[in-house]
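Please take these sequences and the hints and turn them into a complete structure.
Residues per chain are reported as follows:
There are 2 protein chains.
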Amino acid sequence: MPDYEIYSLGDFVLQRGATLRDAKLAYKTFGKLNAKKDNVIVFPTWYSGQHVDNEWLIGKGMTLDPAKYFIIIPNMFGNGLSSSPSNTPEPYNKSRFPQVTAYDNVRAQHQLVTEKFGVKKLKLVVGWSMGALQTFHWGAMYPDMVERIAPFCGSAKCSRHNFVFLEGVKAALTADSAWNNGWYDDKPEKGLRAMARVYAGWGFSQAFYRQELDLKALGHSSLEDFLVSFWEGFFLPKDANNLLTMLWTWQNGDISDNELYKGDFKKALKAVKAKAFVMPSRTDLYFPPEDSEFEVANMPNAKFLPFESVWGHFAGGPGTSPNDVKFLDGKLKELLAS
Amino acid sequence: MPDYEIYSLGDFVLQRGATLRDAKLAYKTFGKLNAKKDNVIVFPTWYSGQHVDNEWLIGKGMTLDPAKYFIIIPNMFGNGLSSSPSNTPEPYNKSRFPQVTAYDNVRAQHQLVTEKFGVKKLKLVVGWSMGALQTFHWGAMYPDMVERIAPFCGSAKCSRHNFVFLEGVKAALTADSAWNNGWYDDKPEKGLRAMARVYAGWGFSQAFYRQELDLKALGHSSLEDFLVSFWEGFFLPKDANNLLTMLWTWQNGDISDNELYKGDFKKALKAVKAKAFVMPSRTDLYFPPEDSEFEVANMPNAKFLPFESVWGHFAGGPGTSPNDVKFLDGKLKELLAS
Numbered sequence: 001m002p003d004y005e006i007y008s009l010g011d012f013v014l015q016r017g018a019t020l021r022d023a024k025l026a027y028k029t030f031g032k033l034n035a036k037k038d039n040v041i042v043f044p045t046w047y048s049g050q051h052v053d054n055e056w057l058i059g060k061g062m063t064l065d066p067a068k069y070f071i072i073i074p075n076m077f078g079n080g081l082s083s084s085p086s087n088t089p090e091p092y093n094k095s096r097f098p099q100v101t102a103y104d105n106v107r108a109q110h111q112l113v114t115e116k117f118g119v120k121k122l123k124l125v126v127g128w129s130m131g132a133l134q135t136f137h138w139g140a141m142y143p144d145m146v147e148r149i150a151p152f153c154g155s156a157k158c159s160r161h162n163f164v165f166l167e168g169v170k171a172a173l174t175a176d177s178a179w180n181n182g183w184y185d186d187k188p189e190k191g192l193r194a195m196a197r198v199y200a201g202w203g204f205s206q207a208f209y210r211q212e213l214d215l216k217a218l219g220h221s222s223l224e225d226f227l228v229s230f231w232e233g234f235f236l237p238k239d240a241n242n243l244l245t246m247l248w249t250w251q252n253g254d255i256s257d258n259e260l261y262k263g264d265f266k267k268a269l270k271a272v273k274a275k276a277f278v279m280p281s282r283t284d285l286y287f288p289p290e291d292s293e294f295e296v297a298n299m300p301n302a303k304f305l306p307f308e309s310v311w312g313h314f315a316g317g318p319g320t321s322p323n324d325v326k327f328l329d330g331k332l333k334e335l336l337a338s
Numbered sequence: 001m002p003d004y005e006i007y008s009l010g011d012f013v014l015q016r017g018a019t020l021r022d023a024k025l026a027y028k029t030f031g032k033l034n035a036k037k038d039n040v041i042v043f044p045t046w047y048s049g050q051h052v053d054n055e056w057l058i059g060k061g062m063t064l065d066p067a068k069y070f071i072i073i074p075n076m077f078g079n080g081l082s083s084s085p086s087n088t089p090e091p092y093n094k095s096r097f098p099q100v101t102a103y104d105n106v107r108a109q110h111q112l113v114t115e116k117f118g119v120k121k122l123k124l125v126v127g128w129s130m131g132a133l134q135t136f137h138w139g140a141m142y143p144d145m146v147e148r149i150a151p152f153c154g155s156a157k158c159s160r161h162n163f164v165f166l167e168g169v170k171a172a173l174t175a176d177s178a179w180n181n182g183w184y185d186d187k188p189e190k191g192l193r194a195m196a197r198v199y200a201g202w203g204f205s206q207a208f209y210r211q212e213l214d215l216k217a218l219g220h221s222s223l224e225d226f227l228v229s230f231w232e233g234f235f236l237p238k239d240a241n242n243l244l245t246m247l248w249t250w251q252n253g254d255i256s257d258n259e260l261y262k263g264d265f266k267k268a269l270k271a272v273k274a275k276a277f278v279m280p281s282r283t284d285l286y287f288p289p290e291d292s293e294f295e296v297a298n299m300p301n302a303k304f305l306p307f308e309s310v311w312g313h314f315a316g317g318p319g320t321s322p323n324d325v326k327f328l329d330g331k332l333k334e335l336l337a338s
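Top to bottom, those sequences are chains A and B.
Note that our numbering has the first sequence beginning at 1, numbered continuously upward.
Note that our numbering has the second sequence beginning at 1, numbered continuously upward.
Hints may be right or wrong, so weigh each one.
Note that identical chains are pooled: a pair holds if it fits in a single copy or bridges any two copies.
Straight-line C-alpha distance at most 30 Å; calculated BS3-like pairs for lysine-lysine [what the hints assert, rightly or not]:
hint : residue 1 : residue 2
1    : K331      : K262
2    : K216      : K270
3    : K267      : K32
4    : K116      : K187
5    : K216      : K267
6    : K275      : K68
7    : K216      : K266
8    : K216      : K262
9    : K32       : K187
In short, the hints are calculated from the structure, not lab data.
Please read these numbers as outputs of a predicted model, since none were measured by experiment.
Given below as structure tokens:
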């Protein structure tokens, strides 16, 4: 019994030209949609994460309380549950899975929210990392529908440095000849492990490692144990083509790269009417706070509220850092009360 | 005609147990040793660099003026000129080349300086990156011999985060099955290119990429052109086993990991009598200034003098950033005058 539902999007025409026939959007909901349909929160997933990986922020006693809100977690295309290289039938399977943008993802989510649930307003869109990318997209694509956004540890556009970081991740995965341009039968294990090791230096900050939080906070027995158990263990179960699909989505993320804004990034930022709490981590190595400051400066109704944390990108991570979760939960409460 | 000389070290017993028989130290000198032998500067090489890659800091009108100083550039073991996997005869060739520490490198350099040139005092030891690691070693291993040190964009001990960054570089290179555990005939081209792409995100800062200095200052035609031409072009000509040898040296760099200090890092720092200008780059992603501050705080005669630069690790790079070269050259002048 899966713990999620599937919404059939029909033949979904993607921004870059392909059609995902009988496209699937996997999602999970929490709480009940009220009669006025005004208690809806959308919480998109992050790179390689699935809905279950968002649940740490939801619960009784948390701001995202299902007793109060109707919370929808839509799974990103390529994450193995929504349409992905790993679950799409021929001929668009595996390495032929088409290029999907964040714009495509959010259009699909909009279809779910409006057609399936008849919802016209969103109280909040919130997301971590690539979830933040989708959150920004919601704000820019549907400015009259989205009342609040809380993108954390992410950006509205993939920066050039972030792009390069991802080039390294991709190059490590695809250097393994077992990858075979995506036509593998057995998974490219060396490539997945290499990708994990590349990611390890980026995910947490220099100070995190200096303070040995991999041992003292996360309980690993050695640095190598952290690299094998946490990092390799994280990526090994995932499908390489899925990972590459989402990586492409990430690298090409840009709220202005569509017919609405035609590449005018500042115009797209200005169009976001939602009240926005933009929350980078002070020590995030691939979403540095400077990029968030630029975004906030160009949005009409936004606040810059960084995590003062040494946890790097994982300040906003999947519930990994208790103090940062507390900070985030408090800011979400403040935002929803406003 | 090579532009360098070879010093035969004889049978050189390494710290980790192997003996490099008929070990070679390649070096180049600039200027003349004066009668008092008190005008000597040692300038070790960096990761994968060779003596020619240090010459940007030497010349008429520069602080390191051959008219005034006798400058010795010793090549690091593993860099392809001194004893390396690529030039050592069987049986210690290729993948069997032994583990060499920075301590071993500096002992070999000390042998050259004292036996070949009869030098008893060094006016200055200076180096970038792994050259800084060797510079710190000089200060800690020969405190009565070294009057000044100027390690820039480097550290006295490989930090845990820096170690993880290098794990990613190594994993990318060795994910290529053409690497074949070091027993390749043809070079592992995919691995070398992957390693280069991983390195690209680390070498320069987020701000460097944000300001498009790869295009505007370094003259590349696109970001991809920078990745291929600058980064892949840099690593492709190098031997994979050589790169892995130096990477091991780097990961295991620690001025206290020897019989003098028995792992007591603070004790080793305290022992450095030399007047030290420790110069990290403010935006260096793998040698962050915080590590230098710790070193300076524990050295008796050291100053913390960061490059206020967006060039990341390449602030101290091979002459790449003119303003930073100017800053460095000025500080070296100040240090030598004191």
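Now for the hints, and whether the structure bears them out:
1. K331 <-> K262: Answer is neither; intra-copy 33 Å and inter-copy 48 Å both fail.
2. K216 <-> K270: between (43 Å within a copy, 28 Å between copies)
3. K267 <-> K32: neither (36 Å within a copy, 63 Å between copies)
4. K116 <-> K187: neither (36 Å within a copy, 56 Å between copies)
5. K216 <-> K267: Classified as between; 25 Å across copies, 45 Å inside a copy.
6. K275 <-> K68: For K275 and K68, only the intra-copy Cα distance (20 Å) is at most 30 Å; the inter-copy one is 65 Å.
7. K216 <-> K266: Only across copies: K216 and K266 sit 22 Å apart there, 42 Å inside one copy, limit 30 Å.
8. K216 <-> K262: between (48 Å within a copy, 25 Å between copies)
9. K32 <-> K187: The answer is neither: 40 Å in one copy and 60 Å across copies each exceed 30 Å.
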